[in-house]
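Peer 1: For reference, the chains in residue letters:
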Amino acid sequence: MRAELRAIGALGLRSIRNTFRYPRYLGPILVFPTLFLAVNTGGAGGAIDLPGFPEVHGFLDFQLAAGILQASLLAAVMGGTGLALDIELGFTDRLLAAPIRRPTIVLGRLAATFVLGMFAAVWFLAIGFAFGAIVKGGVLGVIFVILFGGLTATAFGGIASAIALKSGTASVVQGMFPLVFVILFVSSAFFPAELMQEPSQTIAHYNPVSLVAAGIRGPVVFGLSASDTLDGLLGLAIIGGLGFVLSAWGLRARLRAS
Amino acid sequence: MSALALELSTIGVLMRRALNEILRVPGAAIPGILAPSLFMLGLTGAFGALTELTGFSTESYISFILPVSLMQAAGFAGAATGVNTVRDIELGWFDRLYLAPTPRPALLAGIVLSAGFRALLPMTAVLTIGLLLGAQWPGVSGLLIAVLLALTFSAVSASWTVGLALRFRTQAAAPLMQASMFMAVLFTTSYAPLELLTGWLQTVASINPVTQVVEGVRQGFVEGVSFTGTWPALVVLAVLLGLTFAFALRGLAKTGR
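The listed protein sequences correspond, in order, to chains D and G. Mapping of the first sequence onto my numbering: residues 377 to 634, in sequence order. Mapping of the second sequence onto my numbering: residues 5 to 261, in sequence order.
Think of the hints as simulated: they come from the structure by calculation, not from any bench. Here the structure is a predicted model, which means the values were calculated and not measured. Careful, some of the hints might be misleading.
Per the computed footprint, the stretches of chain D lying under chain G, defined by three or more beta-carbons under 8 Å from a beta-carbon of chain G, are [claimed, not checked]:
(1) 404-418
(2) 421-428
(3) 556-570
Taking CB as the label site, the calculated pair distances span [said to hold, decoys possible]:
(4) G:183 / D:558: 18 to 24 Å
(5) D:464 / G:103: 55 to 61 Å
(6) G:108 / D:617: 56 to 62 Å
(7) D:554 / G:59: 55 to 61 Å
(8) G:198 / D:466: 52 to 58 Å
Only part of the chain G face toward chain D is listed, based on derived beta-carbon distances under 8 Å [said to hold, decoys possible]:
(9) 57
(10) 186
(11) 194
(12) 206
Backbone N, C-alpha and C fix where the C-beta goes; we use that ideal spot for every residue, glycine too.
Please put together the full structure from these sequences, using the hints given.
Peer 2: Structural data, given as structure tokens:
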């Protein structure tokens, strides 16, 4: 068990180093969500005056969850891309020949994705604080948001890993990039679901990402509450469960291909 | 053949080369269509209720955002020209262009005008999707003005990104090209009229010249076409095209030295 944990740690550390060493990996995770946060906040800031919009300290506070979600999802895609590159370059084949359990290969990558998700949450919280946002949940709320950032990236990382394992091609995983925006646009990440237009509103009600958005947004906008946390955890369980099943299936397909 | 005819023929050949790229690798056009279309549909679904704010110039958010997506399609097509130029530089094809007995402005004009070809496909797709989903028909004159302004903006974008390509000479500069277009178009009245923007974005949008172009493209979709709504966009585009073309030309001159 300890050896497995050590292998997961080593693989995770390698992935993190790679991400921070090459700006082209880290850039998409932070730059575009930050620009989007800036435009959304300034462009749609007047929305807080709309009837039915929840009482919030500011629109930036409301949008922080969207930034964190977007960056976490992109971190998941980058993690999947890294795994696919390892497959393309033959590194995964060498790991398959090593005396470690096969799921460790995926778990190592997911450990790195978890750290990147937390890093993204810290980044957006820092931006939020710099521009006047407040976290109503206090220090505990900040910790919850950071943990949710990491868990969101990990849950989606499972799906990205499954695609990487099944396709073995980095460009296929990178094709998920636009999908990230589709998933977010049809959730309550950017706007309260009740105020969205149809059919986005109906889809947002059933989209598990809306539950995750509530889990991240709750501590920032309303303070810590059991219902928001449970909503967030439920959303993560749905997405993470799907990711787990898909990546187990992808790993089996990869082993068969190898 | 006169010198002018020779230059025009060079421009035509370079434009045809860009057209060949589109026809031979049609899959490469998909991201350029997908990104602005998703943006238009996603923002309409999410932020559509903004039209209920007092002072919003239309009741249809898709009519308001469709011109922004047209500008994005044009801007990204221009940026793709810059990215392809870097690829040509890295592969050595650009060095062969330097050896050609053609004036540099003609070479640059061919590359920059080819961005218009690239922009036509995503712009048509975005426009069709938007109109099918209920965006207001801008009328023939509104449509022509919108297309003319957006295509000229793609030439501005191409000049700017080719200038960057000639300075950086590496594909690592591609995110800079795309991000600069992203900011140029979105740091305007893209989401809401100027009076309804908040904080820093209101200040930036009021001094960002691209705001005039967005408003010029938008006029037919939300109100009606007028000379006062068109000429500021034309002046801004003429100045921007002059400046960015000079920027790219300077890069071309430096590279050839």
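Peer 1: Which constraints among the numbered hints does this structure fail? Numbers only, ascending.
Peer 2: 5, 7
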